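S.K.: Sequence:
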Amino acid sequence: MNSKPFTCETNLQASPEKVFQALTKDVSQWWTTHADDASSVGTEATFRFGETYNTMCVKKLTPQQTVIWECIVQNHVNDDLSVNDEWVGTTLHWNIEPTNNGCKLSFVHEGLVPELECYEICDAGWSHFILTSLKKYVETGTGEPFTP
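Once you know that position 70 of the sequence shown is 70 in the UniProt record's numbering, the rest is easy, because the numbers rise by one and skip nothing.
These are calculated hints, taken from the structure and not from any lab test. Source: prediction; values computed, not measured. Built from N, CA and C at the ideal position, the CB exists for glycine as well. Don't take each hint at face value.
To be verified - Derived DEER-like restraints, expressed as beta-carbon distance ranges:
(1) E115 with D37: 31 to 39 angstroms
(2) N75 with Q13: 17 to 25 angstroms
(3) P98 with I121: 28 to 36 angstroms
(4) T46 with S106: 31 to 39 angstroms
(5) H128 with S15: 42 to 50 angstroms
(6) T43 with H128: 22 to 30 angstroms
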């Protein structure tokens, strides 16, 4: 596969510290209310969306700068998909750069490419959870996480 992976970028009116905390300790506030703590390298954190779940191994944490997860387990329950573990082996890169009035968050989901069956579902999901929910959480204190 030579396609570009899913990426998105947003400017946030929040400190790099707040964004880093959201990506490590406060994932339940913006992604899914059933989220494990992801604040230590080597941790295997599971994120549940009803019957669907992903387990990520925290690969790298550079405070206020970088968060990297590798998906090691996935069970994507969706009748429209013939494969339920397309994320396994993909890597999620979060990069935080300070700006004059907050920070810029750049996200790359390496391995999540348009050829995957789940791409459209995941594109819509990431777009909502990063550009709407995470942004609202770090800027106002209230996100829009998945709630079963």
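S.K.: Hint by hint, say whether it matches the structure.
M.R.: Hints and how they fare:
| no. | hint | result |
| --- | --- | --- |
| 1 | E115 with D37: 31 to 39 angstroms | holds (33 angstroms) |
| 2 | N75 with Q13: 17 to 25 angstroms | violated (36 angstroms) |
| 3 | P98 with I121: 28 to 36 angstroms | holds (33 angstroms) |
| 4 | T46 with S106: 31 to 39 angstroms | violated (25 angstroms) |
| 5 | H128 with S15: 42 to 50 angstroms | violated (23 angstroms) |
| 6 | T43 with H128: 22 to 30 angstroms | holds (25 angstroms) |
In summary, the structure is inconsistent with hints 2, 4 and 5 from the numbered list given earlier, while agreeing with the others.
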